[in-house]
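Residue numbers (our numbering), protein chains in the order written: chain A, 242 to 365; chain B, 769 to 1140; chain C, 25 to 500.
Simulated pairs of lysine-lysine, DSS-like, Cα-Cα distance not exceeding 25 Å:
#1 LYS863(B) <-> LYS325(A)
#2 LYS261(A) <-> LYS870(B)
#3 LYS863(B) <-> LYS261(A)
#4 LYS863(B) <-> LYS345(A)
#5 LYS345(A) <-> LYS870(B)
#6 LYS345(A) <-> LYS325(A)
#7 LYS325(A) <-> LYS870(B)
Some chain B residues near chain C, calculated using beta-carbon distances under 8 Å:
#8 MET790
#9 LEU801
#10 ARG802
#11 ARG933
#12 LEU1085
Simulated from the structure, these hints should not be mistaken for lab results.
As the structure is a prediction and not an experimental result, all values here were calculated from the model.
Beta carbons are placed, not taken as given, at the ideal position from N, Cα and C, and that holds for glycine.
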Amino acid sequence: MSTIALVDDDRDICLLLELKLRAAGHEVLVEHDGEAGLAMMRDRRPDLVILDWMMPRLSGLEVCLAVRDDAELRELPIILLTAKAQEADVERGLSAGADDYVVKPFSPRELLSRVEARLRRSGT
Amino acid sequence: MSNAWPDPLLLMAAVTAAVVLMMLVAVSVGAVLRARRHRAAARRERLATTIRPLISDAMDIADGAGSVAMDHALRALSRSAGETLDDLVVALVPKLRGTERKLLVELLRRRGTIERVARDLTSRSPRRRLSAVEFLGAVDDGSHAAALVRLLDDRDEAVRLAAIRALGRIGLPEAVPALLGRLDRPEPRRELPRHAVTMAVLRCGSGSADHVLQSLRHGGAASRLAAAQVLGWLGELGAAPELRDALAHDTSPDVRAAAAEALGRLGVPETAADLVVCLDEPHPALVRVAAATALGLIGDTASATGLAMTLCTDADLRVRLAAAQAMARLGGPGLSALRVLSPVSPHAREVLRVTLAGTPEPPFGALLRTPL
Amino acid sequence: MDWTATATAAVVGFNYFVLGYALALNGIQLVLLSVATVAVPRILGRERATSLDDVYAHPGTPGVSILVPAYNEAAGIIEAVQSLLRLRYPSFELVVVDDGSTDDTFGLLQREFGLVPVDRVVEASVPTQGAVTSVYIQASGGPLVVVRKVNAQRRSDALNAAINVARHDYICMIDGDCVLEPDALLHTVKPFLDNPSTVVGVGGVIRPANGAGVRRGQVTALACPRSLVARIQVVEYLRAFLVGRVGWTQLQGVLIISGAFGVFRRATVVELGGLSWVSLGEDAELVATLHHRLRRLGADYRLVVVPQPVCWTEVPETLLALGRQRRRWSTGLAQVLMSHRGALFNPRYGRFGLVVLPYYLCFELLSPVVEIAGLIAVPLALALGLIDPVFAMVILLASVGFGLLLSLAAIVVEEVAFHRHDRLRDLGRLVLAAALENIGFRQLHAWWRLRGLLDAMSGREIAWGTLPRTGFTTTP
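Given these sequences and hints, build the entire structure.
This is the structure:
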């Protein structure tokens, strides 16, 4: 059973994904802004994080950069889940250190498969 | 004068009391509103907690047995629970795609919500019409597109704008002729903003390209302008011949400028020659700027000569600047030409300096279309 | 014997006038309040996050040049620029004008943002007094442009220089020490897009940010300011902006789009000759000139103030600083009214000449005169037994009491529409401030404004003599 962190300011999406992830057998930690999310990641060390980009206080991109800079969090798999869909955005997101990039509107089923795949890959 | 008047001190006290009372009323009103808001939110949250698992299950239905069970659960919902369900689903649907989204929309259809809301399209209250339009736009029900098109003529501005947005979100290419055509019928005080219409047409995607081309060929000035813009944004390479035609022959300078911009985005090298022709003086400044910018985007080095001429001789500062920026984008030949010209052209010097600093130059906006 | 009777009649008559004036002034405010109360929830109810998203996502959304005049702003300039760079808008440039600062404003900017000099070709679209010495851009290709110029003692000159350097179709003029809401540009450009043929200028609601938590350039937690002076201004701003200007927007009588935040088409401002070098109220002057000229052309136009807060500003916390500010505003208003007196009561200028200008003349500019005179006349009459206490009480209620009611109503409107003040305690504090606003502050305010008016009247000759505007004239 893995711990998945979910950082998104959209409460409806968070609650929905939380239900789905729990049903799939994972433990879920939720935060609604970048700063709280980063603090939670440092504190609880999840196995994977699903991260929104446009958030108050600290954007997903900045969280990404912070995680990659942090020696202890560096290996954390990050999936960016965002409405920003331009090519340039995808490039920025991936070069900031995200492992995967899912554009909203998204398919929860597909997102879940990506989560499982990532978790398998990182050996959890 | 003052024999029957009340004691002034008493009066003062009364007035002070009145003032204090007013203040207390204000605070109470504020407190009551606040409490009501919190209670409503708490109530909604309580309901939502019971309903969310239902929604989650709805997205997993794989077979007929599942739908029967779902129907059963839906019927068991109270009215307020049902309304909360509708609200939650409507909030979620635009954020999702794929099977889950289809299943959620199906859920609403089963509950009869879609039909019920669609009846509000003809309601007398603009607020209800507005909510209905937005609901239909969110849940992607193309079967009400005709009604939405009629609402493009609604009395209420917000409803008209919402109808445009809804048609865009539904994304039916068949609605495009109505959208673009409406631009040509400027009912006073009921105009549709071009910005909103082009966004909706863009959302309808490449499937609408044929309709857009029709507008470019046969529409009025307003729809031709919108059509040219959209074709460029959509990246419709097949539209290049029509756009070249519009660039050369359209009667409206706005449309010609838009065609030039679109050709720039399409980036077809064969169109460069037509654009170079448009760099000359008889063409309005608007068109010359658009042509120069487009040449930079296309990147055909053969246009460097034409751009250099414009840089040296054009009367309008913005055209000269656009020419210099375009030359920088051409790379080698363009940059050498700029260097050659820099003793005589301050624009050349500026652009070279910017290029050497390694920065992309700030974009130069299209000239104003509707002057004061 | 005769003059005693005349004097008595005059004093009593003046008392009646004060009563009538107070009723009229507050009556108009009540109309504005009603209009705003109906309009604000309706506007907000129709606004959808999706419509703002469309403005953001549309490839044709016009670029905006944000113009920031800066004089000796070393203390806050970096933070201000950083917060502006985080604005949610697809395409914008940020033109900061270092108006001959004597502190390290420029040095700070250069180091923080990696500025390099560039020979930017600057068209002299509008006249400026202080010459531009150099222009810098970011080596990284960011949207910041810094213009250094010679100080000309006027904020409007810095803005005019920025207008010349700006290259987008729209300009947004702001104060250097304001914090903008991230969606400010989306909110204020949208009216231009929805009504391209009629909207010529858009403003938003300015609110005091004293005591608010500002994190990374955004107002996160709104707390009631600690300073009483600031609190009173919170109430005042709610009444003036949320109720007043939004109300006027519905009646199409917007006279002032605040210099703290205003969005216009660059071409419009250029055609008007840029900002006034003379007037201390250059923001009001711009809008008044807009009205004047467009009315004369018979054009169908609109000025809009959107009800959303777009801009948070630090308001003066001491009476001294506040007094200076209000005095200056009053002088500016006087100058604007003076320069547009040709339109005053002139039917040719429609609502602008017959409603807006007269309102600002009688109920904004001259109100301190009436208030101060009333403060003297009413107690005097009471003391001399010329009027009875009930009548005096009625006057008090009509002015102070009615005013309090309006302030409280503005607070309630804010609570209903935005509820940005989280704690009930803050609501209580604001209500208290509203009371003090009407009892004490208002009278002091009248004194400052009176002095500003006197300043304008005494300085009139000088102001006119150096009027440098070309082309369009305001005197008939």
